[in-house]
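Chemist: Residue numbers (numbering that gives the first Met the number 0), protein chains in the order written: chain U, 0 to 287; chain G, 0 to 392; chain Y, 0 to 312.
Computed list of chain Y residues with no C-beta within reach of chain U, every gap over 12 Å:
(1) L11
(2) N142
(3) F153
(4) L168
(5) L170
(6) Y175
(7) N179
Below, simulated DSBU-like cross-link-like pairs (lysine-lysine); rule was C-alpha separation at most 30 Å, straight line:
(8) U:K131 x G:K183
(9) U:K127 x G:K231
(10) G:K386 x U:K131
So, partial list: chain Y residues that the calculated Cβ filter (under 8 Å) puts toward chain G:
(11) N27
(12) Y28
(13) N31
(14) V125
(15) T128
(16) T131
(17) L138
(18) G139
(19) N141
(20) N233
Calculated directly from the structure, the hints in this document are not laboratory data.
Source: prediction; values computed, not measured.
Idealized CB from N, CA, C, for every residue including glycine.
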Amino acid sequence: MQVLIQLLITGIAMGFIYALVAIEYTIIWNATGLLNFSHDKFILFGAYMFAGTYVLSLGLPPVIAVLCTIITMFLFGIVSAFVIFNPLSRLSTNLFAVIGTVILGRIITEAVRLIWGPLPFSLDGFLKGSYKIGSVVVSRSHVIIILVCTLITVSLQLFFKFTKTGKAMRCVSENKTAASLMGVNVSINIALTVGISAVICAIIGILVVPIFNVELQMSSMIGLKGFASGVIGGFGHLPGAILGGILLGVVEIFGSMIIPSVYKDCLSFILLIIFLLIKPSGLLRDRK
Amino acid sequence: MRRFKKLITVLLASSLLVTTLSACGNSAGESKTTGESGAKSTATGKSIKVGVSNMMTGPMAAGGIRMKQAITLAFEEINAKGGVLDGRPLEMVLVDDAGTQTGAVNAVNKILGDNVAVSIGPHTSSMVSATQEIYRKAGVPFITAATSPKLVEAENPYFFRISVSDGAVGPAMVDFAIEKYNAKKIAALYDTDDYGVAADGATKSFCDEKGVEYYSEGLTTGDKDLTSQLSKIKSWEPDVIFDFTHDAEAALTVRQLSELGMDDIPHVGPNALAMSQTYDLCDAEQLEGTYASTDFFADETNETMKAFLDRFHDRWNEDVERYAAMYYTAAYLVADAIERAGSDNPEEIRKALSETKDFEAVFGSLNCNDKGEMNTNLYILVFDGEKSMSVAQ
Amino acid sequence: MKKQNKTLIIALICIGIAAILPLFISNNYHLNLMIQVLINIIIVLGLNFITGLTGQMNLGTAGIFSMGAYTSALVATKSGVNPWICLILAAVMGIIIGVGLGYPSLRVSGVYLALTTIGFSEIVRVLMTNLTDLTGGALGVNNIPVFSIFGHEFRENKEIYYLYLVIALLLIFNAYRIVNSKWGRSFLAIKDNPEAINASGVNIAKLRIMAFTLTAVYSTIAGSLYAHYVGFMNPSAYNIEFSINYVVMLVIGGIGSVAGNIAGAILVTIVPELLRFIENYYWLVFSIITLLFVIFLPNGMLSLFNKKKSMKK
Chain U
0 MQVLIQLLIT
10 GIAMGFIYAL
20 VAIEYTIIWN
30 ATGLLNFSHD
40 KFILFGAYMF
50 AGTYVLSLGL
60 PPVIAVLCTI
70 ITMFLFGIVS
80 AFVIFNPLSR
90 LSTNLFAVIG
100 TVILGRIITE
110 AVRLIWGPLP
120 FSLDGFLKGS
130 YKIGSVVVSR
140 SHVIIILVCT
150 LITVSLQLFF
160 KFTKTGKAMR
170 CVSENKTAAS
180 LMGVNVSINI
190 ALTVGISAVI
200 CAIIGILVVP
210 IFNVELQMSS
220 MIGLKGFASG
230 VIGGFGHLPG
240 AILGGILLGV
250 VEIFGSMIIP
260 SVYKDCLSFI
270 LLIIFLLIKP
280 SGLLRDRK
Chain G
0 MRRFKKLITV
10 LLASSLLVTT
20 LSACGNSAGE
30 SKTTGESGAK
40 STATGKSIKV
50 GVSNMMTGPM
60 AAGGIRMKQA
70 ITLAFEEINA
80 KGGVLDGRPL
90 EMVLVDDAGT
100 QTGAVNAVNK
110 ILGDNVAVSI
120 GPHTSSMVSA
130 TQEIYRKAGV
140 PFITAATSPK
150 LVEAENPYFF
160 RISVSDGAVG
170 PAMVDFAIEK
180 YNAKKIAALY
190 DTDDYGVAAD
200 GATKSFCDEK
210 GVEYYSEGLT
220 TGDKDLTSQL
230 SKIKSWEPDV
240 IFDFTHDAEA
250 ALTVRQLSEL
260 GMDDIPHVGP
270 NALAMSQTYD
280 LCDAEQLEGT
290 YASTDFFADE
300 TNETMKAFLD
310 RFHDRWNEDV
320 ERYAAMYYTA
330 AYLVADAIER
340 AGSDNPEEIR
350 KALSETKDFE
360 AVFGSLNCND
370 KGEMNTNLYI
380 LVFDGEKSMS
390 VAQ
Chain Y
0 MKKQNKTLII
10 ALICIGIAAI
20 LPLFISNNYH
30 LNLMIQVLIN
40 IIIVLGLNFI
50 TGLTGQMNLG
60 TAGIFSMGAY
70 TSALVATKSG
80 VNPWICLILA
90 AVMGIIIGVG
100 LGYPSLRVSG
110 VYLALTTIGF
120 SEIVRVLMTN
130 LTDLTGGALG
140 VNNIPVFSIF
150 GHEFRENKEI
160 YYLYLVIALL
170 LIFNAYRIVN
180 SKWGRSFLAI
190 KDNPEAINAS
200 GVNIAKLRIM
210 AFTLTAVYST
220 IAGSLYAHYV
230 GFMNPSAYNI
240 EFSINYVVML
250 VIGGIGSVAG
260 NIAGAILVTI
270 VPELLRFIEN
280 YYWLVFSIIT
290 LLFVIFLPNG
300 MLSLFNKKKS
310 MKK
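Extracted from the complex, chain U is given alone in its bound form (with noise of 0.2 Å):
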C-alpha cells in the first residue's frame, strides 16, 4: 500500500512535469502555428542558466537565482521570437519552421556545452530531502513540482481568462488578420508568447534541477513526453495537455510496475499512436 501511494505521488509529480511542458509548446503553437521543437533545449537552457551561472558562478541565494533566471530566459524568449520565430511563421510553408527550430534546439545544446561544459553538476541541497509520513515516503522535490506546477497553471489561465494582454493572446490564436484589424499587433504579442514560453520552460527546467542532475540529455525524454501528452489530451487545447500530462505520468509509473522498467519510456509513444489511431482529436477536444 505504501508503494502505492509512493508510487502515486511520483507519477502525479512526473505528470504535472510533462504538463507543463505541454502548456509550454501549445501556447506557442495557438499563437503561431509553429512547434517549437527546440522546447527541451529551452528547458536544458534554463537550468544551466539558473544552476550553472546564477547559483554556482555568482552564487545568488536560490529565490533570487530564480528570479533572475526568469527575466533572462524572457528576454531569450523575445528575442528568439524576433529573429527566429516571426521569420519562421512567415515562410510559405510550416515545414521551415519544424527544420527551423529544430536546428535552434541543436544550437543552444551545442552553445550550452560550449559555455558550461560538458560534465554534469548538481545543486548540493537544492530542494532534496524528503517527508516522512507514517511509513510512506515523499520526496520533498516532488511535492514542491506538484504545488509549483498547479500555481502555473492556475495563473495562466486567469491570466488568459483577464488580463487585457492574455485576451489578446486569446484572440491572436484564434484570428490571426481579424487579431490584426483589431489593432492587436501581432508581432509583439508572437513574442511576449514566445517570451512566457521560455519563461515555463526556465521553471520545468528549474523543478528537475534536483530529481535529475544538470546535464546536457536532462530534458529530451520530457521534452518528447510532453509532446505526447499534448496528443492524448488534445493537440492546442490547454486543459487537455495538463489531463494528458498528468494521466501519461500516472500510467506511466504503474505500467512500469507491470512491465520490465527499461521499457517504461515505450509506454508513452504506444499511448500516443494508440490516441492518433483511435481518437487523433486527443481526450478534450472535439473535432473540428
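Chains G and Y: place on chain U using the hints.
Modeler: Same frame as chain U, now just chains G and Y:
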C-alpha cells in the same frame, strides 16, 4: 529585399566555402605533440607516432577530456626525459571518435592511415568491439580501459586491457557482501548496456554458486526516474543492493535510494561512483556509508600515487580520476613496451606488450595474461560523511 | 530538350568523377568516408520524398535506418541467409514501417508524423538495447557478412565503394524518375497547395503514406548496406541527433531536388570530418549556417543556380 537576400546567399555560400577551404588547409596540423605550457621536450630524434582514439565530443566527452590530459601529461614527461629509444619523442596522433561506434571506426581508420606504431583507445566496450578487427587487420596493437568481458572472446592478439574486466567485479562485490553483511539476498540495478549486462550475468552466476538469492532490475542509460525499479527492489527486501550503472545513473541511484527511504540497506556502487565527477553529483549526507567498487583509487597515502596526483593537478588544475589514471598508465606502458621492443615496429611492440610483467602503474602492478588482460587490482571503498573515501576491502 | 541534354551531361560528368575518384585515393579513411557519403545520399534521397516533396517532417530516420540495418544483420548472422536476400527483407521492413507508421500519423493533417517518428525511433532504440537475446544488446551484432557476387566477396573498401556506387546510382535514377513523374508533382502539390489538391478529389492521405513508404524503403536499404559494410551494429548512435543530421543535409543541399540532395549529403558528411580541427565548435558553426539557410535560403544551395525554380511566397 531581393538585393538583401542575394547578399545573404552570397555570404552564406562564401562562408561555407571558406570554412571548407580553411579546413583543408588546417587538417594537416591536427596532430599535436605537446601542449604549449607543458614540460619542454629534450628528445630530438625522429618521433614515434602513437594513435589516440578519444571521445572529445559526444556523450562521453567528460571522460575524453581527462583521457587527453592524462596522455598529454605522460608524453610530456617522457619526452622531457629524453623520449624513448635514445632520444626519439612520442607524438600523439589524436582523433576524435565522438564516443560512437561509427566515430570510432572513422577515428581508428584515420589513425592507422597515419602509420602509428601503437595506439591507445577507443575507450568504451562497444567502440572497441567495433574496431578490434580493424586493428587486427592492420597489425597494430592497442591499449584500452574498456571493461566488457566479451571483448576477449575475439581472441585478438592486438588487444590489451589495463582495466579490470566487469566479469571480475561482481564476484568480488558478492564476496564482500557475504563477508561483511552475511548477505542472503542481493538485489542489483544494472544498465542494460554491455557493461551492465555482463556484470549482472557474472554476479548472478556467482551468487548461484554461493547459494545467495539474486534479483536484478535493468535501466537504460539516460533514465532519469528510477522509482519503479527501486520500488520493485524495495518490496523484494534485499540485504544488500548493488548497482552496475554509469556516472549519471549511479548518482541518481544514491539520491533516489535515500529519497525512497532505502538508505538503511547497504549499497555497493560501481566504479563510476568512485569518480569525483559522479560523487560530486550526490549529497555528502546521502553518500555516507555507501560503498563503491573500483579498479582505481586515488590513495594519497601511496607515494607514487600522491606524486602523480600532484603532477596532474599542477599541469591541469584538475583532480585525477579513473580515466586519467588508466590512460596515464597506458601512455607509460606504451613507452615501456617500445623500449623493451627496441624498435617502433608494431609487431615487436605487440610482442613486448604481451610479455608485460610487473609493470609498476600508479595503481598497482600490471601483468599481461594470454588474453591481453593486465589488471587484477580491485578495491572496495567506503564513503564517509564528507565525500572522502577509504579502502573497506 | 536542350535542358535535358545539359542535365544528362552534368550527370555523366559527376558519375565519371565518382568512378575515377578511388584511383587517386588509397587511404582507407577517405574511402570509408566516400562509402558513407553514398549511404547518406540514399537516405537523403529517401527523406526528400516525404519531407522535401509532401512537406511532412520525418524525425525518425535513426529508427527506420537501424530497423533496416538490424533486420539485415540479424537475418544474415542468425540464419546465414545470403546478404542480398537480407537486403530485400530490409526493404520489405521499410514497406511495413512506412505503412504502419504512416497510416496513424498521416491520416490526420498536422505535425503528427514528426512526433510519431521521434517516438518510433526511441522505441526502436530501447528495444534494440534491451532485447539482448535477439539483438545482442548494447554490444550489438558483430561479424555481419559482406555482400558477394558469384562467389566474389566484397571485402576491400575499394570494391565496396564501386558496388555501392552502382546501387546508389540505381536509386538516384529511380528517385529522379519519381520526383519528375506525375507522382512527384502530386507530392509537391500536397505541400504547396493542399486545398486545391483536396478539391480535385485526390486522396491526400494515401499519397502521403505512399511518399513516406518510399522514404522508409530508401532508409532501410541504406541501413542494410551500412550493416553489411561496417560488419557490426549497435543501437547507441541511433538517436534524434542522427535523424537531425539528415534533415540538415536535406536543407543545405536543397529541398525537393535530387541534385540538391546529393550535394547536401556530400557536403554535410565531409565538412564535419574536415572541420575536426575546430573540434568543439563544428556542430555549432554548422548548425548556425543551417539555420541561416532555413531562414534566408529555404530551398537550399541549389536554388542559387536555379533561379527560375526558386519558390516565391
